[in-house]
Every structure is written in C-alpha cells, then in structure tokens.
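Here the protein sequences come in this chain order: S and A. Numbering-wise, our numbering puts 151 at position 9 of the first sequence, and it's gapless, one number per residue. Numbering-wise, our numbering puts 400 at position 407 of the second sequence, and it's gapless, one number per residue.
Treat the hints as calculated values from the structure; they're not laboratory data. Backbone N, C-alpha and C fix where the C-beta goes; we use that ideal spot for every residue, glycine too. There may be inaccurate statements among the hints.
Unchecked claim - A few chain S positions that, by computed beta-carbon distances, are all more than 12 angstroms from chain A:
1) Asp151
2) Thr176
3) Gly211
4) Arg269
5) Arg282
6) Val337
Claimed, not checked - Computed cross-link-like contacts, DSS-like style, restricted to lysine-lysine with a CA-CA straight-line distance of at most 30 angstroms:
7) A:Lys189 x A:Lys324
8) S:Lys144 x S:Lys160
9) A:Lys446 x A:Lys379
10) S:Lys343 x A:Lys324
11) A:Lys359 x A:Lys379
12) S:Lys364 x S:Lys350
13) A:Lys359 x S:Lys343
14) S:Lys346 x A:Lys379
15) S:Lys234 x S:Lys343
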Amino acid sequence: MKLLVVEDDREAAAFLIKGLRESGFTVDHAADGTQGLVMATGGTYDAMVVDRMLPGVDGLAIVAALRAGEDQTPVLILSALDAVDDRVRGLKAGGDDYLTKPYAFSELLARLEALTRRRSAPQATTRLRVGELEIDLLARSVTRRGREIDLLPREFRLLEVLARHAGHVVTRTMLLEQVWDYHFDPQTNVIDVHVSRLRQKIDKGFPKPMLHTVRGAGYCLKSGD
Amino acid sequence: MIELLKTSTFRLALAYFGLFAASVVAGLALIYWQTVVYADQQTDETIDAEITGLAEQYRQRGLTGLIEVIADRSDPERGSVMLYLLTDAQQRPLAGNLTKWPDVTVDPDGWMRFRLDASRPGEPRHVAQATSFLLAGGYQLLVGRDLSERSQFTHRIVMALGWSGALTVLLGLVSGLVLSRRVLARIETINRASDKVMAGEFGRRIPVRGTGDEFDRLATNLNAMLDRIERLMEGIRQVSDNIAHDLRTPLGRLRSRLEMALREQPDQQGPHHGALVAAIDDADQLLQTFAALLQIAEAEAGTIRTDMSLVDLPSLLGGLVDFYEPVAEEKSITLSADLPRGPAEIRGNRHLLSRAFSNLIENALKYTPEGGHATVSLEINGARAKVIVADDGPGVPEEARDRVFDRFVRLEASRTSEGKGLGLSLVRAVARLHGGTVQLTDNLERPETPGLKAIIELPLASAAPPALRKSGMAPANTAVLDTVAAAK
C-alpha cells in the first residue's frame, strides 16, 4: 500500500509517517501545497492524507484538482478546524473522510484502512457474509449458522457497518458517524453499551465470539475461522 | 397611565405641585381676608357714621328734625342701601324705609341681622345688618344697611378665588403629567437600550440627542461604559479562544508522542504501559475541553451559518432518545419520548442541535436516580417549538439557574461526578444561535428532589432565526429559500 502524506508541520509529519511505516505502508511526504499538488497528480497512490491548511496550495485545492482530473484516489483530510461547516466543506471538495487535529493515530489508521478497502469492496451488495453470519440487507434479517437473530433497527445498522469493515478495526467515532451520523463526543459510554447489546445477541450461545473489543482503538467483527 | 403615576418624576412633580398649591391657597386666603373682612368693617363703619350723623341732627333739631332727615335719607329715589326706622314707644313706625321693627334678637355686639322682604317679586330676599338706639321719650331708632350688594361682592370674590384655585390645580396636574411623561420618555429610551444590551446585543448604544443636557451626559457616560464592557468581554473571549486554539497544537503533539511511545511498548505489556494510557486519557480530556470551549465560542459568535438547513425536530429527538435508550436501561431509568406525529421543522444546524440536545439528555441520565424517569418532549405552540428534557434528579436550586449556563460553572452537589461544566453553556449558545431561548424550572412539586426541566424554545422554520436574516450570507440564504420553496 502506497500513501502520500501532505503535511507542512514537520513534527506532526514525522509522527504520522513513522506510525504509518510501522503499520506497513509505503509513505511519500510532501511538505507544502505546491509539492503536494505535483506529487498527488503525478504519482499513483492507494490513498492520501492531506492537511487542510498548507503553505502554497490549500489542501482542499489539491483534492479539487485531483477530482477534476477524474482521479478517485481516496483522500483523508486533516484539519485543525473543528467547526461543523469545515467538515461539510472538506467533504464537498471531494474528500472521502475528515479528521480533526489532534487525532489519535489509531483513529487515523482505522479510517485510512477503511478508505483503502473501499475501492475494492463494491457497495451495491444486498447480502453480507462474515464467517457464520449472514446479513440480508433487503429483508433486514440476520442469521448465524442458519439460526435467525432478531435485531432492533439500530442494532441492525450497527452490525451492517461492522460487517462492511469485517476483519478491521472500527473506532467508536466511526460508528457514531456511520451508524447514527452524529459528530459529537458522547460523554457517556453509549457506543459501548450499544455494542455490548449487539454482542449479546450475535455471540450468546455460540462457542466462538465474533465481535471483539480492540483495546484503545474500537471494535472488530471477525469471522472467527 | 398607572405606570406613569408610579414614576419618581411624577411623584416629584406632585410634591412640587402640592407646595405650589399650598402657597396659592395661602395667597387666595389673604386676598379673601383683605377684601371680605375689609368690606365687613366698612359696613360697620358706615352704620356707625350714620348714627353719629343722626345723633347730631337729633341733638340740634329734636325729634322733628330727625324725622325729616330720616324721611329725606330713606327716600327710595336716592337709591341708598341704608335702612332707617324711627318708632314711638309702642314701636309704631314714624319714619324710615322699613315697615316694621324686625323681630330678631340683638347679638352681644349690639347688631341685629335679619332678612328683608323682596322689594320686587322673584328677587331673592335681602340680608340686612342694623343697630338700634333708644331715644328720650321711648322713641327707638334703627339704622342699618342692606347687605345684598356686599354679599354679591363676597360671592364674586369667592367664585373668583375658587376658579383660580381650580385652574391652578388643573394646570399643576397637567404640567406634572406632561413633565414626567417627557422625562419618562427619555429614561425609557435608556432603559430600552440597556435591556437590548443585557439581552445580548452588545453593540447596542443609547441614542444621544446632541442637546448636551443631563440626559445626554448620562447617555454618553453609559455608552462609554458599554464600550468598555464590550472591549473587556471581547478581550476575555479572545484570550480564552486563543488559549484553547494555541494550546491544542502542542497538546496534540504531546498526545502523538505518548501514543507513539505506547505503540513501541511490546504487546501492551511494557513497564510504562499504564502510565502512558492514563496520560493519553488526560490529554484527551484537555483536548475535549478545548474543543468544547471553541465550539461554544463559535456558536456564540454566530459564525456557523452556512450549514443551516431544515431540521425535523421530532425525528432528530426521536433518534437521540433511541440512541440513549440502552444507556438509560443500564441504569434502570425509563427514558421516554413524547413527540408529535408529523414534521415540525426548524431552520438550523443539525449537528449542533443534536449535540445540544444530547448534552441535556446526558445530564438528565446522569442525575436521574436508579428507577427514575427522564422524558424528552416536544410542544408546538404557534410559530414556536418547545423542546423539554425533564428528569427526577435533585434539580438545580433557583438561585443557581442563571449561573449554570456560564462556562465551567458546576454546582457543589455535582462536583463529585464527571463533567466540565460546559454542557449547558453550549446548549445556551446553540439555542441563541437559532434565535431561541433556554430556561430551567422544577419538574415535580417535590421539595427534596424537584427534578429538572430544561426548556428550549426555538422558532419554527416559517419564522427565520435572526442569524439567517443578517447580511453577508445571501448565497446560502437563497439556497435555503429555494429548498423551502421546493419543499412546498
């Protein structure tokens, strides 16, 4: 996996690149907007991490230039701007995801992995299968080993998001955004409660648990094979 | 009008008027005294002089002479107001213009007061005053004066005094009212302007007329004070915003270093693993506080305007209740929603509204005891929507209800639990951004734990929030209007 990181803050870039390389990515670095634009449009990358506020060319302008050239490389926008408007603008400009600085590296990693997977996994599917678990998106029914599991609508949506990222970490914030479309930090452990309810329903009575908690990061639905 | 009577200017005017009226009454009394009493004295003196004259005639010319003089003087042709009557010992009239001796007693001063028969029909009976003398031989002489002219004079004086008194009272009252109304109007202008300032329009100033009078000086001074307050507030806001903003970068860097160090610990088993995790948690707490502060500042400054769209309150609130329902169940709290069917849209920012309402629901869940109830309801009242989040918790004492909306204010009772005291500040900032208000009241009539009811009132989409009416956002506004048109 080859990544481009466009980030002008030298120290932040160093942390990010070090973390990404340790996680198995090949990383190129552009230290300003102009260089970022040249590298982004000239090279082939599996995903890009672009800081929004850059000297030279603005981060959003780089994304817009890519999209104008029909380049659909997934882009994660990083920004110090936390306003709700900024997120909307970032996504409108063609960004695939938006993360506010400062961020947890595990959060960025989980989102970046989700972005690189997105291209290979077609979205227009009606059935999802994770190991013993089968999810029918049209009938909104779930079976495990052929046994019907009765889920509330919100539990179904939660399972669907986890299943789309099966085998990978999904952070609490990603669940909050993708299941409920909320962009705030709940002060209670509400996500954990939802997940543990879902776990009760899909794992109880089966020898192997499928829904795992990844400490310090989030949750992961695994086939258990 | 009643308000006017309560003002201090009116009371002052009334006091001045009272003083003024008292002096007018004193003056009028003096005039009355001077004229009426003087006129009475004049009557007495005239009668005395007449008697002296007649006594002289009697001494010189005897009874016959007296009769002649009396007859002459009481001739109706002369039109005199003097009364005469001379009688013999049997009180048979001998001369004079009275037909019979008046049947009245004599007062200690020797005066007789009696009424005269009307000389012409329809005329009121006249009042007369007289004195009498006993002459040698039992003859009696009465000399008096018809007082009708004088009583008319007195009447006129009293009337004049009465009218001028009444006019004085009327003028005094009217000028008092007019004066206090004028003063009141100027003071009201000042009051209205300061009310607006207190309601959050910090740029509002008191109009100065330019006449340089004391009200202008007051207005100028108050305006200078408001300028200063605004500058100070702006300064404080900028400082706290800058702190929040500038500290975020180094804090973020600190967090990254800690996270990298943690990743280098083999299998989460390294010697410093626990300390690193705790330090990252602390950093996250600080970052969250700064993020919340910045968000409040942003909402208060009203800079979030572009992402305003139609938000359906029942579905937003229903979603939040559904989201928090499992948390409530964990605590054995019944969280219920009482929402109207059908849409009730407001124009607003969905994310900020979700955040504000979630703060209220989280508060309710935090303070409601096990087995208690929390309710989220929506009431539509004309053009306004009322979102009510109610709980059975300990409530907020009345004297603290304003204070809890300020940043970092937490009540003693809640010190032990988590939270930073920013939740309600954000709720208020978001409510104001949407042209609404937020208010806290008791939920139950129970003295110990009255519960809390947070009421957010917001204008429905038909009435645009003030944030949208401001200039400088025409494109977004047009887009919103187009959406409305399309929705219709």
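Verification of the hints:
1. Asp151: violated, 8 angstroms
2. Thr176: holds, 23 angstroms
3. Gly211: holds, 27 angstroms
4. Arg269: holds, 26 angstroms
5. Arg282: holds, 16 angstroms
6. Val337: violated, 10 angstroms
7. A:Lys189 x A:Lys324: violated, 44 angstroms
8. S:Lys144 x S:Lys160: With a Cα-Cα distance of about 14 angstroms, the restraint between S:Lys144 and S:Lys160 holds, given a limit of 30 angstroms.
9. A:Lys446 x A:Lys379: holds, 12 angstroms
10. S:Lys343 x A:Lys324: holds, 20 angstroms
11. A:Lys359 x A:Lys379: The given pair, whose Cα atoms are some 22 angstroms apart, holds under the 30 angstroms limit.
12. S:Lys364 x S:Lys350: Between S:Lys364 and S:Lys350 the Cα gap is close to 10 angstroms, so the pair holds against 30 angstroms.
13. A:Lys359 x S:Lys343: holds, 27 angstroms
14. S:Lys346 x A:Lys379: Violated, because 43 angstroms separates the two Cα atoms, which is more than 30 angstroms.
15. S:Lys234 x S:Lys343: With Cα atoms ~38 angstroms apart, S:Lys234 and S:Lys343 exceed 30 angstroms; violated.
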